[in-house]
Structures are given as C-alpha cells and as structure tokens.
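From just these sequences and the hints, can you work out the full model?
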Amino acid sequence: MSKTILACDDQDLMRKLVSGVLRQMGYEVVTAESGEECLETLKTLKPDLVILDVDMPGIDGFETCKQIKATLPHVTCPIIFLTGRRDKGDVKQALAAGGNDFLIMPFQPKMLEQRVEKWIGQKVA
Amino acid sequence: MVSATQNFHDPVIAQLRQEFLSDAAERIQVIYDTLETTNGSGECALLAIRREAHKLKGMGGSFDFPVVSLIARRLEDYMANLQALEAQHIPDIKVYASHLDKIIESGQDLDDEAAAVLLRHLPAHPASEPESLECHDVEVLLVSPSLAVSQITAYALRTLGCRVTTARSAAEAIEIAARTRPDLVVTSAVMDGVSGIDLVRALAAMSATEDLHSAVLTSFSKKHHQLQYLPPEVPVIRLGRKLNENLAEVISGFGLV
Chain A
186 MSKTILACDD QDLMRKLVSG VLRQMGYEVV TAESGEECLE TLKTLKPDLV ILDVDMPGID
246 GFETCKQIKA TLPHVTCPII FLTGRRDKGD VKQALAAGGN DFLIMPFQPK MLEQRVEKWI
306 GQKVA
Chain B
56 MVSATQNFHD PVIAQLRQEF LSDAAERIQV IYDTLETTNG SGECALLAIR REAHKLKGMG
116 GSFDFPVVSL IARRLEDYMA NLQALEAQHI PDIKVYASHL DKIIESGQDL DDEAAAVLLR
176 HLPAHPASEP ESLECHDVEV LLVSPSLAVS QITAYALRTL GCRVTTARSA AEAIEIAART
236 RPDLVVTSAV MDGVSGIDLV RALAAMSATE DLHSAVLTSF SKKHHQLQYL PPEVPVIRLG
296 RKLNENLAEV ISGFGLV
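Protein chains in written order, with our numbering: chain A, 186 to 310; chain B, 56 to 312.
Keep in mind the hints are simulated off the structure, nothing from the lab.
There's no promise every hint is true.
Said to hold, decoys possible - In silico SDA-like links for lysine to any residue, alpha-carbon gap of 20 Å or less: (1) A:Lys277 - B:Leu202; (2) A:Lys231 - A:Met186; (3) A:Lys231 - A:His259; (4) A:Lys277 - B:Gly248; (5) A:Lys277 - B:Ala226.
Said to hold, decoys possible - Pairwise CB distance ranges, derived in the manner of DEER restraints: (6) B:Ala259 - A:Pro258: 49 to 57 Å; (7) A:Gln299 - B:Gln70: 21 to 29 Å; (8) B:Ala260 - A:Pro258: 30 to 38 Å; (9) A:Glu248 - B:Gln73: 30 to 38 Å; (10) A:Glu248 - B:Val249: 28 to 36 Å; (11) B:Gln163 - A:Met296: 45 to 53 Å; (12) A:Thr229 - B:His176: 28 to 36 Å.
To be verified - Now the stretches of chain B that chain A is said to cover, found in silico as 3 or more residues with beta-carbon under 8 Å: (13) 73-84; (14) 277-288.
Ideal Cβ positions, reconstructed from N, Cα and C, are used throughout, including at glycine.
Okay, structure coming up:
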C-alpha cells in the first residue's frame, strides 16, 4: 500500500510540482492551499509525511507546524518545510516549531525526491 | 526504487514549465504595476515587490530557470535594508524587472556565460555608492549561514564599491559560483555541513571555479584548529572593528581594484 503525503503550499504551481514529483515516485498525495486547510485536513488524515511551505498568507508554515504539534496528537509523521529563507535563524525556527527537515527553494525535483526518501522511503514495484 | 527524475522529462513537466512562464510573467507585471502606481513611495510598494522577487527566486530554479532565481535573488539583495521604496530606486528595479521579463518572454533561460555578464551589469545596492567612494566592477559572492554576519559584511563590501550576492551554504555557493563566476568568494569559516574551509578547497579543486579568488571570514586566530586545513594562499578576513580594512586589503591584494 502506498504511503501518503500531505503537501501544503499556497501556490498552485508549487503544489503541482511537488505532487507531480511525489506521485511519480509512487506516493499518494493530498494537497492543501493554506495552513488552515492543512490543519483541517489533518483532523481526519494520518499521512506518512507532511510537506509544508513556510511563506503562506494567513498562518505560515512554522505556525501551522506548531498547531499540528499542539492540537493534533495523532499526527506523528515527519514534517519537511519548503522555504526560500536561508539563514541559520530560520533553520532554528523550523526545528523549534517541531519540523524535522527543510528544503531550500528553488530545489531540483531530485532533491525533493532524496529528502522524502530519507524520511519515508518506500519501495516501488 | 524508481527515480521520478529518470523519466521526469515528460509532458506534465513541460506543462508545468509553461505554467511557470505564465505565473512569472504575472509576477513581473505586478512589479511593473507597483512601480507605476506608487510613483516612488512607500513601505507597501517595497513589500509587494519583495514578495514577488521572493516567489520568483523560490520557483525559477525548480522549473529550469536558475538565472531567473539568481536575478530575483539579486533584486532581493538590492532591496535588503531598504525601509521604503523611493523614487531613486524605481529605475534600478525596472532594470531588474526588464531582464526577468526578457528571459520569461523568450521562454529560455540564459546560459552561464551570458548570466555572469548580465549579473555584473545589474544595478548595485544603493549603499554601494556613497558620495565619497568609487564604484568598482567587483562581484563578490558572500557565503554565511548567519544573517547578521551576512548583513554586516555585505554592507562593508558595498561601501567599498563591490556588488554582492549572498549565499547561505556551501552547496548554494558552489552552484552560484560556477554560474556567475564572481571575482571573489568570501565565506564564513564555520558552517554546518560543508565548512567554509572545505568550500574554498572545493572551489579550487573544480575546473569551473579553480581560478576564482577566495577568502575566509572568521574571528578565530590563525592557529585555531578550525583553520588548520585552510590552504595557505587563502587570506583570512577578521570579523570585528577592522572588517572594512581587512576586506579592502584582500580586494586590493587580489588586484581587483
């Protein structure tokens, strides 16, 4: 049975890129357009991985992650942030929010593939 | 495990690439419109342009337009530390927008050689031209994971008349250096993962970057164990009150001015 990834990004194009890469790898992908939608989706979904854009209107990725940790105890999977921010302070903030990893944008699809495999690599027939 | 990227060149990606071009064209239009309608005023205008530059930077390289990301990154660097958009900035930002526009309209990213030339001719950060200092055609790639160190050092370099591109990690720096061929790479000695020491050694070892000048930024003394593998020809720039002086010595020592 394929593993499931929730990909949250306010940009339609990035959702398509991420979901396109991950579906070709054989994963099931559910998408969300905002931190709020991500939290709502996670009330009933228990994914194997969450990929979370940091810079979103409304609640950003860091705040979304904090709320996941605080209010959705059944969600125990790794969380990977997508961020265009690059400095050490943001990395610390990502880890403090409860994230497990981050991918700096722009990223090559191969890098996304490697990062996802690192956390939940699955064999595809 | 089947790699998605082994068969990634397919109609889906081609379609996404076209969507990127449309999306990028809209973002560039937002930049133009913001410049026209604000007529050189305000914090809001600056925030709006920053947002579009940030998004373009974050997407370009993912859709096979790495030079779009580089130009957008330089636009972000140009606007760094600005509090509000002023009339004097508008022509410069239009130049950035125009270059982005040309690439997006052509549907084809620039090659490395053309990119390096273009980047040298982008308008410099406003702090690069204080009244009494000369403006030099010196491109510096500044590598530091620390925002504070990066800002302080970038400011010092700009007051010396240099154009500065910033990177936060060795991996980022290698990609930018190979593509833009800066006159000088200044890197923090200590970085997570690949250190600054390893970075300068890597740059010297790669044919694409072996002729680039490098210097290491540190507060360590020369005898510190963290610097033991630093090649002897690589100068050390001390962080601290003599930073400007040290940078100036290194730049002139390499014959860049």
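Okay, the hints, checked on the actual structure:
no.	hint	in the structure
1	A:Lys277 - B:Leu202	12 Å, holds
2	A:Lys231 - A:Met186	14 Å, holds
3	A:Lys231 - A:His259	7 Å, holds
4	A:Lys277 - B:Gly248	15 Å, holds
5	A:Lys277 - B:Ala226	19 Å, holds
6	B:Ala259 - A:Pro258: 49 to 57 Å	51 Å, holds
7	A:Gln299 - B:Gln70: 21 to 29 Å	24 Å, holds
8	B:Ala260 - A:Pro258: 30 to 38 Å	49 Å, violated
9	A:Glu248 - B:Gln73: 30 to 38 Å	33 Å, holds
10	A:Glu248 - B:Val249: 28 to 36 Å	31 Å, holds
11	B:Gln163 - A:Met296: 45 to 53 Å	23 Å, violated
12	A:Thr229 - B:His176: 28 to 36 Å	54 Å, violated
13	73-84	holds (count 3)
14	277-288	violated (count 0)
Against the hints set out earlier in the document, violations occur for numbers 8, 11, 12, 14.
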